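Quick note, the sequences are listed as chains A and B, same order. Per the numbering used here, residue 139 is the first one in the first sequence, and the count goes up by one each step. Per the numbering used here, residue 2 is the first one in the second sequence, and the count goes up by one each step.
Hint data in this document are derived by calculation from the structure and do not stem from the laboratory. Given the structure is predicted, the values throughout are model-derived calculations rather than measurements. Glycine is no exception: its CB is placed at the ideal position from the N, C-alpha and C atoms. Treat the hints with care, as some may be off.
[To be verified] Residues from chain B that face chain A, not an exhaustive set, calculated with beta carbons under 7 Å:
| # | residue |
| --- | --- |
| 1 | Phe24 |
| 2 | Pro25 |
| 3 | Leu91 |
| 4 | Leu93 |
| 5 | Gly94 |
| 6 | Leu144 |
| 7 | Arg171 |
[Stated by the list, open to error] Residues of chain A placed beyond 10 Å of chain B at every Cβ, according to the derived structure:
| # | residue |
| --- | --- |
| 8 | Phe162 |
| 9 | Ser184 |
| 10 | Gln202 |
| 11 | Tyr249 |
| 12 | Asp256 |
| 13 | Pro260 |
| 14 | Cys268 |
| 15 | Leu276 |
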Amino acid sequence: MSAANYGDFLTTTFDNVVNWSRKFSLFQYPFVTACCGMEYMAAACSHYDISRFGAEIPRFSPRQSDVLWVVGTITHKMTPVLRTVYDQMADPKWVIAFGACASSGGFYQNYSVLQGIDRLIPVDVYIAGCPPRPEAVLDGLLELQHRIQNDGPTVESKMINPTDIRHRERKLEQLNQYFSIPKKEVLENIQNPKSNRSVKPGYTYSSDYVNLDPHMGYDSPADQAKKNALKNEQA
Amino acid sequence: MSETATPDAEAALTLTQLIAHEFPGTVRDSHNHRGDETVIIKREALHRVCKFLRDDERCKFELMVDLTAVDYLEQGRDPRFDVVYHFKSLSLGHRLRLKVQLNEDDLRVASIHDLWDAVDWYERECFDMFGIDFEGHPNLIRLLMYEEFEGHPLRKDYPMDRQQPIMPLREVEERHEYGRKF
Chain A
139 MSAANYGDFL
149 TTTFDNVVNW
159 SRKFSLFQYP
169 FVTACCGMEY
179 MAAACSHYDI
189 SRFGAEIPRF
199 SPRQSDVLWV
209 VGTITHKMTP
219 VLRTVYDQMA
229 DPKWVIAFGA
239 CASSGGFYQN
249 YSVLQGIDRL
259 IPVDVYIAGC
269 PPRPEAVLDG
279 LLELQHRIQN
289 DGPTVESKMI
299 NPTDIRHRER
309 KLEQLNQYFS
319 IPKKEVLENI
329 QNPKSNRSVK
339 PGYTYSSDYV
349 NLDPHMGYDS
359 PADQAKKNAL
369 KNEQA
Chain B
2 MSETATPDAE
12 AALTLTQLIA
22 HEFPGTVRDS
32 HNHRGDETVI
42 IKREALHRVC
52 KFLRDDERCK
62 FELMVDLTAV
72 DYLEQGRDPR
82 FDVVYHFKSL
92 SLGHRLRLKV
102 QLNEDDLRVA
112 SIHDLWDAVD
122 WYERECFDMF
132 GIDFEGHPNL
142 IRLLMYEEFE
152 GHPLRKDYPM
162 DRQQPIMPLR
172 EVEERHEYGR
182 KF
């Protein structure tokens, strides 16, 4: 915080104050999937006490949190979940890749594991280690605070939140995704399933019940009619 | 089996001898290392043998412990796959391992889902990982991998570095090279 102390006065800029308050009130969302979670717990509890650095409470709702800790291995099957959690977080938001698996896939160099979460969502700080010691975790948090203070939003940039600065294109793509319903690919996939399973008459597959509206969770009557029409065509 | 079993001697038969006696011509090979009995049988006889193992008084295999498969591609064996069954008898306290050898171009074996319900997910996992078709299984779909996944990842010829993402991935700089160097 660049402030000069003239006797009884403290002068600073608005950006500095905002970023300073942001970096010391980080609400965390721990996305814990593997053994790194134990080290996260060790860093969060009283021996190392992560709340000394303003990262006080883990919030188990992404809508209330500022920092997404991706703690552990992320498989391809889990990527839609992680992406949804990230999309649900309100701006400004930051992501920390905790440990080797989240940073690069770690030693899981195989068919099922995502080789680093930066292939899915933008990452601010990578913490090395398998798993990292609590000291490394705190070091990563301090690094993030440093970046929030120095690379945070400014009045000159006219971008209110740092997430916009980093991936404006992805926000547009995300908006497009929400308004393109029903998806053409989904409909095509129902007609020509790409899966390589052995198709046998009389069997039911979960792809026969693909939800046309992925954001609703249930079908509207119009969608149900469409789906039934498609099924009748197939039969 | 060389000697013919008389009714008196039947109680002393090992499980291997019992199967060979009850189903002549089905046992391809067997070995017994310190009571760890393994019988390799013909594929066609699998369901009959399993039903016998479950129901017979001398076997009483109530528990279906495990089912898995082995790919012998790198050993260059001609029947490429083994399907391995493990059974345990809770009342008599003995175990048995059954193996069925499958050729690469004809990966079919009878499902024993109607004998042990526990085999349901094992057979689905085996289908998922090796592509082995268990005929008669009521719901043979992938267990662990997602629907869009192509191929069977535990086969030895599945490329080790092949990734099949379900979400569109971002462009990132490659920080290291994948795959083994031969």
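Now the hints, each set against the structure:
no. : hint   : in the structure
1   : Phe24  : 29 Å, violated
2   : Pro25  : 33 Å, violated
3   : Leu91  : 34 Å, violated
4   : Leu93  : 38 Å, violated
5   : Gly94  : 37 Å, violated
6   : Leu144 : 12 Å, violated
7   : Arg171 : 6 Å, holds
8   : Phe162 : 30 Å, holds
9   : Ser184 : 37 Å, holds
10  : Gln202 : 24 Å, holds
11  : Tyr249 : 4 Å, violated
12  : Asp256 : 5 Å, violated
13  : Pro260 : 8 Å, violated
14  : Cys268 : 16 Å, holds
15  : Leu276 : 25 Å, holds
The structure fails hints 1, 2, 3, 4, 5, 6, 11, 12 and 13 (numbered hints given earlier, in ascending order).
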